[in-house]
Amino acid sequence: SQELEQSPQSLIVQEGKNLTINCTSSKTLYGLYWYKQKYGEGLIFLMMLQKGGEEKSHEKITAKLDEKKQQSSLHITASQPSHAGIYLCGALTTSGTYKYIFGTGTRLKVLA
Amino acid sequence: GAGVSQSPRYKVAKRGQDVALRCDPISGHVSLFWYQQALGQGPEFLTYFQNEAQLDKSGLPSDRFFAERPEGSVSTLKIQRTQQEDSAVYLCASSSRTGDPTDTQYFGPGTRLTVL
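Line by line, the protein sequences are chains A and B. Residues in the first sequence are numbered from 8 upward in steps of one, following our numbering. Residues in the second sequence are numbered from 519 upward in steps of one, following our numbering.
Note that these hints are calculated values from the structure, not bench results. Please read these numbers as outputs of a predicted model, since none were measured by experiment. Errors might be hidden in some of the hints.
Unchecked claim - Derived DSSO-like pairs (lysine-lysine); straight-line CA-CA distance at most 30 Å: (1) B:K532 x A:K34; (2) A:K67 x B:K575; (3) A:K71 x B:K596; (4) A:K58 x A:K43; (5) A:K71 x B:K532; (6) B:K532 x A:K45; (7) B:K529 x A:K43; (8) A:K106 x B:K575; (9) A:K58 x B:K532; (10) B:K529 x A:K116; (11) B:K596 x A:K58; (12) A:K106 x B:K529.
Take these sequences, add in the hints, and give me the full structure.
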């Protein structure tokens, strides 16, 4: 589904650099979830955002949901090789019934 | 167990065979979801259970796909007469002790199905 657009699709950064991943929806989001996935593994939950303007942080990762609840960003400060993986945003939307959708992912590589 | 478990982790099937994929959700979780993830793509919703009731099966790609959760705990996704396009990772997720749709979904490691 392309109802949830992620950018960039892939990212290569030098260790220590900051980076941002964006997730945009054409519909109002009732819940926005960030996950990390390593190849061949399931999704590891990072953070959930619900309220417009909400911001959450965990270690060096910060996620924000904009006021209109249609866009979220994930920011990693001072990236490390352990941050490498695929970052997926998932969302709960509704068009009559609840619908769960995911973006296509952002592949992050951190060079030591 | 503490998390969602799935079995088998890997499955190779010949085209035309039937397969059954199992999901053990987090104990006490009311909601259970199945997703299909093709290589390089995000998960695509297949079906959703609340307890033993299958409330949404709109994502099942064909009538060859069937899911059940007879006692409201363990779930099985069955694919009949597998085709090559069924090759994907099948992810199971569970959430919520209350059925709140906004509750976070916790995912299992997935079953990688390869159809030859």
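Hints, one by one, checked against the model:
1. B:K532 x A:K34: violated, 41 Å
2. A:K67 x B:K575: Outside the cut-off at roughly 38 Å; violated.
3. A:K71 x B:K596: With Cα atoms ~38 Å apart, K71 (chain A) and K596 (chain B) exceed 30 Å; violated.
4. A:K58 x A:K43: holds, 21 Å
5. A:K71 x B:K532: violated, 45 Å
6. B:K532 x A:K45: holds, 27 Å
7. B:K529 x A:K43: holds, 24 Å
8. A:K106 x B:K575: holds, 11 Å
9. A:K58 x B:K532: violated, 47 Å
10. B:K529 x A:K116: holds, 29 Å
11. B:K596 x A:K58: violated, 38 Å
12. A:K106 x B:K529: Distance ~29 Å between K106 (chain A) and K529 (chain B) Cα, so the pair holds.
Consistency with the previously given hints fails for numbers 1, 2, 3, 5, 9, 11, ordered from lowest to highest.
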